[in-house]
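For chain A, the structure is supplied; the task is to place chain B on it using the hints.
Number of protein chains: 2
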Amino acid sequence: MKELDVGAFWRLLKPEVVAWAVAEHEGQRSICPLGWTMRTSASPPMVAISVAPSRFTHGLIEGAGAFVLAYPGRELVQATQYCGSHSGRDVDKFAASRVTALAGRQVAAPVIAECVANLECRVVDRFTTGDHSVFVGEVVAAWAREEPGQLLCLVDDSAGYETVLVDERFRFGVVRG
Amino acid sequence: MKELDVGAFWRLLKPEVVAWAVAEHEGQRSICPLGWTMRTSASPPMVAISVAPSRFTHGLIEGAGAFVLAYPGRELVQATQYCGSHSGRDVDKFAASRVTALAGRQVAAPVIAECVANLECRVVDRFTTGDHSVFVGEVVAAWAREEPGQLLCLVDDSAGYETVLVDERFRFGVVRG
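Chains A and B supply the protein sequences, listed in that same order. Each residue of the first sequence is one higher than the one before, counting from 1 in this note's numbering. Each residue of the second sequence is one higher than the one before, counting from 1 in this note's numbering.
Worth flagging that the hints you see were computed from the coordinates, not collected in a lab. Positions of the beta carbon are idealized from the N, C-alpha and C atoms, including for glycine.
Which residues of chain A face chain B? A partial, calculated answer using Cβ under 7 Å:
{"no.": "1", "residue": "MET1"}
{"no.": "2", "residue": "LYS2"}
{"no.": "3", "residue": "TRP36"}
{"no.": "4", "residue": "MET38"}
{"no.": "5", "residue": "ALA42"}
{"no.": "6", "residue": "SER50"}
{"no.": "7", "residue": "PHE127"}
{"no.": "8", "residue": "THR129"}
{"no.": "9", "residue": "VAL136"}
{"no.": "10", "residue": "VAL139"}
{"no.": "11", "residue": "SER158"}
{"no.": "12", "residue": "VAL175"}
{"no.": "13", "residue": "GLY177"}
Chain A is nowhere near these chain B residues, computed Cβ spacing over 12 Å in every case:
{"no.": "14", "residue": "GLY27"}
{"no.": "15", "residue": "GLY59"}
{"no.": "16", "residue": "GLU62"}
{"no.": "17", "residue": "VAL77"}
{"no.": "18", "residue": "GLN81"}
{"no.": "19", "residue": "TYR82"}
{"no.": "20", "residue": "GLY84"}
{"no.": "21", "residue": "HIS86"}
{"no.": "22", "residue": "GLY88"}
{"no.": "23", "residue": "ARG89"}
{"no.": "24", "residue": "ASP90"}
{"no.": "25", "residue": "ALA95"}
{"no.": "26", "residue": "ARG98"}
{"no.": "27", "residue": "ALA108"}
{"no.": "28", "residue": "ASP167"}
{"no.": "29", "residue": "PHE170"}
So, partial list: chain B residues that the calculated Cβ filter (under 7 Å) puts toward chain A:
{"no.": "30", "residue": "VAL6"}
{"no.": "31", "residue": "ASP131"}
{"no.": "32", "residue": "TRP143"}
{"no.": "33", "residue": "ALA144"}
Chain A extracted, bound-state conformation:
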């Protein structure tokens, strides 16, 4: 074993599934791509997501007490990159990304029609963890696109992935189907 710088360590932790936190409050809505999500309860079903307080979506989730966790496929890699590098304070990410917001069944936040899968979540708790907040969401509805697809991930250069887009910070890809 060799000791690593923590920053270098995270590069080993691939694949990491990408999800979008989607929220809407008082007529404003936004999309915030995340890598830091996990399930956190089986019954009732819950997920936890880590969101930086500086994000516009953070305030919308707090205000609405709800979010949708939407899982993009390869088709949405550019939308993911765009939403991750712009603020919902300045732009309408739904229009810019040309995604279709469908009304959620249980929560105010919209479901994204083009995503592979969507979870509607009601916020049941919120914690501060270092430089992020954890929102704990009880899953109140779940959706999948009619045609299935591989989930967009952060990947490395292993042969099992098809790289979809590389920028200065991230390598996006999908597991070969």
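Coordinates of chain B only, in the frame set by chain A:
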């Protein structure tokens, strides 16, 4: 979009990296395989893990205020299955799994020599989320095995994975290298 049963939904969320929570307290130690982990702060670096309170390892983490998050590769798939289906109250998982516990540099919990990577974590917070606890760990040291390897994951039958072991509950595999 079609509405799904939440139980069916989780099957879409592959891949899921497997990690072991490793803890030691008052002469007792154990290993608890987890799928529900995430990063939760960049600075200071933190991870969050979801552990069921019934787990023996849960009490050890609480007692010690520390854990190691160890990432097994394909070589440890049987150890992962064994540790996930036995309790540390009844068996010595280290002996049964034939893994090498090395002293951590910063925390009481041991680092696993055969794992691809290990994080030493000091517990800074603990929350209850439904039927699990979240332990928030500040990362105080990080380790990698000399020879790199793919991380063991829960996978589906996509071509990009090599399936390593299938049992009644799980399909374990690695991304093709």
